[in-house]
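Chemist: This is what each chain is made of:
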Amino acid sequence: MRDLGMGLGLSSREYPVGGIAYLLRDQFTTPEAAPIASPRTCEPGPGTLALTQIDGAQWSIVDGNLTDDTSAVGWFKQVWATDDTYAVNASPGCIWGMKVPNGFDTYVYAGMCANKITGWAPDGISRGTADALNIIGTGSILTPYVASEPFEFYMIPRPDPFGHYFLLKQSGVTKLVYARDYANYGLYHWTCTGYSNIGDFSEVFITEDTWYPTPLQSDTFDRADSSDLGSTDGAGWENAASGTATAWIQSGLTDTEIVSNGVEQVEASDAYRHHAVECGEADIFISMKWTPAASGYGIFIARYTDSDNMWQLQVYNGNGIAYLYECTGGIWYQRNAVDVDADLTASPHGSWQLDGDDMLFGLTNGKGMTYSSSAHNTSTKHGFALYTTGDRVLKWACFAVDQSESIINV
Amino acid sequence: MYRAHVVTSWISGPDATGKTSWHPKLANDHDVLCEDVTQQLAANIPPAPNEYTVEIVCSEEILDEIEADSAYFVSWSEEIIESPV
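Respectively, the protein sequence lines represent chains A and B. Take 1 as the starting number for the first sequence in the numbering used here and just add one per residue. Take 1 as the starting number for the second sequence in the numbering used here and just add one per residue.
Hints are supplied without guarantee of correctness; some may be wrong.
In silico DMTMM-like links for lysine to aspartate or glutamate, alpha-carbon gap of 20 Å or less [stated by the list, open to error]:
hint, chain 1, residue 1, chain 2, residue 2
1, B, K19, A, D339
2, B, K19, A, E203
3, A, K99, A, E203
Source of the hints: derived by calculation from the structure; they are not laboratory data.
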């Protein structure tokens, strides 16, 4: 299997985080036989944890790790903060983290979620029927992740509309793997389940507000109807303006216009228009939201130089497939095509990370694709396009670009 | 389901989206989605032989069809074992 990110010269950037204040921290120092007491006073603290040990599945503490009882597998084992205090404090920039010393094997589903888990899909990151996000042993979205090696997993609440960042740190590299659209900051917990060799936790923690990836540009398109996109509004989320108003660069065959606080294409079919904006960084994490649409392509544009040189990630509602295109010198190359079960009628969010040569795309349904290329990897303009195949219904509702590469020192 | 690497030629013309692009011929001839695993720059694609390698995930039936098609070479394939969860 391709091992994206290994040996490809991934860069990293240090974000010193001095004097972290913990709301909760447990390093599971003192050995304890299964089932361990719940609620449990964290070591070294602060905070207390509640642990669910149901259906015969039990936790123990061995060698500084919270360890499962592998004699009863296949059922939930969860670690909870004991009350909503932590959820109340889960404001943007605070970090929910977990450290896994031995990795998880292929058949382990674990991660962090809000409320409870009631189901999974066989993806690297997946969402259950409740608000849940899991990391599993293997998966397309988490291609850099090596199942058998230690890793850390972070969740950082971010103001609306995109909800949360999820970061995976392994072998000294932190990847911003996903942003999700949870509307509320719920009562998160750590969880794991599986059929065999369930992974251990060496630490779980919650910090006070610390850091989240630097926003670069955003646009909600919430302005008066116009045939001109004008400039970004920097209002991509509620609590932190991102970027200064910057004029959109437009090219292509037809016009788009602002209609009812979204971007809509004027021509009915077989025409497109590119939109890009200077973001100041080539390594970015671009997120967009569709309005419900019956047909057409929702297109991300990244590393745009001009109308003949750019990358495009096209999500087609007609067949649910995401297509990756490189345009170099005016010639288009289809680099990748993955069935991501895209359903634009469900108003999904999409996120596309470009970090050095690596690309990582994901939808809110947990499906996505990866690719790697150095083409155009210094271009700092990014944006979007529309391509309708019939009815004039496809619309972008929101656009945001964050800085991509990152290391959080926890 | 099976995962396989297949050597195919590039062609220019309408792709699965109906637009003109350079894309693997394999995607036109068989019902598969292709990923370019060479990850080479467009400028570095050798014109002769016009061949490169893509990764596909497909049914055993489609894999049999591709292996029987003399236009393509399957360099390796493996069955994908689904998680029991």
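Chemist: Given the proposed pairing of K99 of chain A with E203 of chain A, does the C-alpha separation stay at or below 20 Å?
Modeler: holds, 5 Å
Chemist: Does K19 of chain B pair with D339 of chain A here, judged by a C-alpha cut-off of 20 Å?
Modeler: Given pair K19 of chain B, D339 of chain A holds - Cα atoms ~18 Å apart, limit 20 Å.
Chemist: Holds or violated: are the alpha carbons of K19 of chain B and E203 of chain A at most 20 Å from each other?
Modeler: At roughly 51 Å apart (the allowed maximum being 20 Å), E203 of chain A and K19 of chain B break the hint.
When held up to the earlier numbered hints, the structure conflicts with hint 2 and nothing else.
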